[in-house]
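J.: Please take these sequences and the hints and turn them into a complete structure.
Here is how the chains run, residue by residue.
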Amino acid sequence: MKWRVIPVSERPGALNMALDEAVSEGVKAGTTQPTIRFYSWNPSCVSIGYFQSIEEEVNLPECEARGIDVVRRITGGGAVYHDRAGEITYSVIAPQEMFPTGIIDSYKVICGWIIGGLAELGVQAEFKPINDIIADGKKISGNAQTRRGGVLHQHGTVIYDLDVTTMFTVLRVSKEKISDKLIASVEERVTSLHKVCGASREQCYAAMMAGFTAGKEWSQGDFTPTELERAAELAKEKYSSREWNFSK
Amino acid sequence: MAVGKAVLKVVGGKLLRAEVEHEEGIIKRVKLSGDFFLYPEEALEAIELDLQGATVEQVADRVNETAKALNAELVGFSAKDVQAVVEMAVSSS
Numbered sequence: 001m002k003w004r005v006i007p008v009s010e011r012p013g014a015l016n017m018a019l020d021e022a023v024s025e026g027v028k029a030g031t032t033q034p035t036i037r038f039y040s041w042n043p044s045c046v047s048i049g050y051f052q053s054i055e056e057e058v059n060l061p062e063c064e065a066r067g068i069d070v071v072r073r074i075t076g077g078g079a080v081y082h083d084r085a086g087e088i089t090y091s092v093i094a095p096q097e098m099f100p101t102g103i104i105d106s107y108k109v110i111c112g113w114i115i116g117g118l119a120e121l122g123v124q125a126e127f128k129p130i131n132d133i134i135a136d137g138k139k140i141s142g143n144a145q146t147r148r149g150g151v152l153h154q155h156g157t158v159i160y161d162l163d164v165t166t167m168f169t170v171l172r173v174s175k176e177k178i179s180d181k182l183i184a185s186v187e188e189r190v191t192s193l194h195k196v197c198g199a200s201r202e203q204c205y206a207a208m209m210a211g212f213t214a215g216k217e218w219s220q221g222d223f224t225p226t227e228l229e230r231a232a233e234l235a236k237e238k239y240s241s242r243e244w245n246f247s248k
Numbered sequence: 249m250a251v252g253k254a255v256l257k258v259v260g261g262k263l264l265r266a267e268v269e270h271e272e273g274i275i276k277r278v279k280l281s282g283d284f285f286l287y288p289e290e291a292l293e294a295i296e297l298d299l300q301g302a303t304v305e306q307v308a309d310r311v312n313e314t315a316k317a318l319n320a321e322l323v324g325f326s327a328k329d330v331q332a333v334v335e336m337a338v339s340s341s
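Line order of the protein sequences matches chains A and B.
Just so we're aligned: 190 in the numbering used here is position 190 of the first sequence, and the numbers increase by one with no gaps anywhere.
Just so we're aligned: 331 in the numbering used here is position 83 of the second sequence, and the numbers increase by one with no gaps anywhere.
Do not take every clue at face value.
With the C-beta cut set under 8 angstroms, the calculated list includes, among others, these residues of chain B facing chain A [as the list claims (entries may be wrong)]: (1) 265; (2) 285; (3) 323; (4) 324.
Since the hints were made in silico from the structure, they are not lab data.
Because the structure is a prediction, the values reported are computed rather than measured.
Beta carbons: idealized from backbone N, C-alpha and C, even for Gly.
T.: Written as structure tokens, this is what we have:
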């Protein structure tokens with residue numbers, strides 16, 4: 001099946017999540033091609049997993065003071081700080097039957113595309129179940145998947161640059177804990193493309209595009225007017241709502 | 249009625265938080281959260297609901313039964329981990 005690949009664009013968190021859902025609805029209805037999209041977050045945003053409590057995970061006053069959005073995802077997994085310039089985010093939305101039945105096996109397939117992209121940059125990386133990719137023994141990519149109505153939807157981030165201080169200010173860690181020791185320990189566990197290969201963000205994006213499209217029949221596309229209209233509605237009614245974001 | 253909270257990091261898995269209301273050894277209400285995965289996601293509500301009226305010792309079996317009935321798959325945690333975190337929450341209160 002031919003893929004639609006939507007080039008990177010930046011949007012607020014609620015709209016990014018809404019676009020994923022609007023595309024999923026189209027794939028479910030059979031009106032939309034399998035889609036790969038790249039995106040970033042403007043403003044920077046914290047996303048929390050479907051099963052997480054926003055109040056447990058996020059320092060909401062700090063987010064507000066810094067103009068950082070907060071949105072709950074439709075996927076499980078952990079809270080992520082999406083720095084506007086610090087990462088490349090993707091979504092893959094396609095009929096479930098295009099992927100292995102096993103959850104971990106399907107993570108492995110899509111994470112394999114990322115690993116292929118990293119290889120273009122000379123970075124050797126490997127899939128670490130459940131949902132991480134590691135390079136040099138450190139996490140460089142986090143991923144999360146859901147399956148609804150026969151549609152597989154996986155999104156994830158490839159860390160380009162890491163702002164540990166902001167990350168641990170907006171994720172809910174008490175101020176006393178933002179000590180040099182904690183930051184040092186996070187830096188030991190997480191890495192970034194900038195650190196491991198020194199490539200520019202544009203080079204990293206080009207490599208990801210190559211990794212995701214290799215061996216596929218694809219063409220560059222954009223969201224349809226219907227998807228954009230539906231996404232605007234979902235962003236407003238669902239992903240910006242207290243009912244959704246504070247439901248746990 | 250007592251309310252207890254606990255957090256459990258599953259070894260090689262995800263983090264589970266539980267808030268448990270209980271009375272005389274019986275669970276009245278459970279709220280589970282964390283960075284785990286569960287397919288389909290909506291199964292969590294059923295799991296929480298089906299734990300009402302259970303004793304701590306029955307938690308793992310009930311979670312397994314509900315998951316089986318809904319064809320749900322737990323990823324990053326197990327029914328035994330749910331029992332462990334519920335037990336910790338009850339002990340803490």
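J.: Which earlier hints turn out false for this structure, listed by number in ascending order?
T.: No numbers; nothing is violated.
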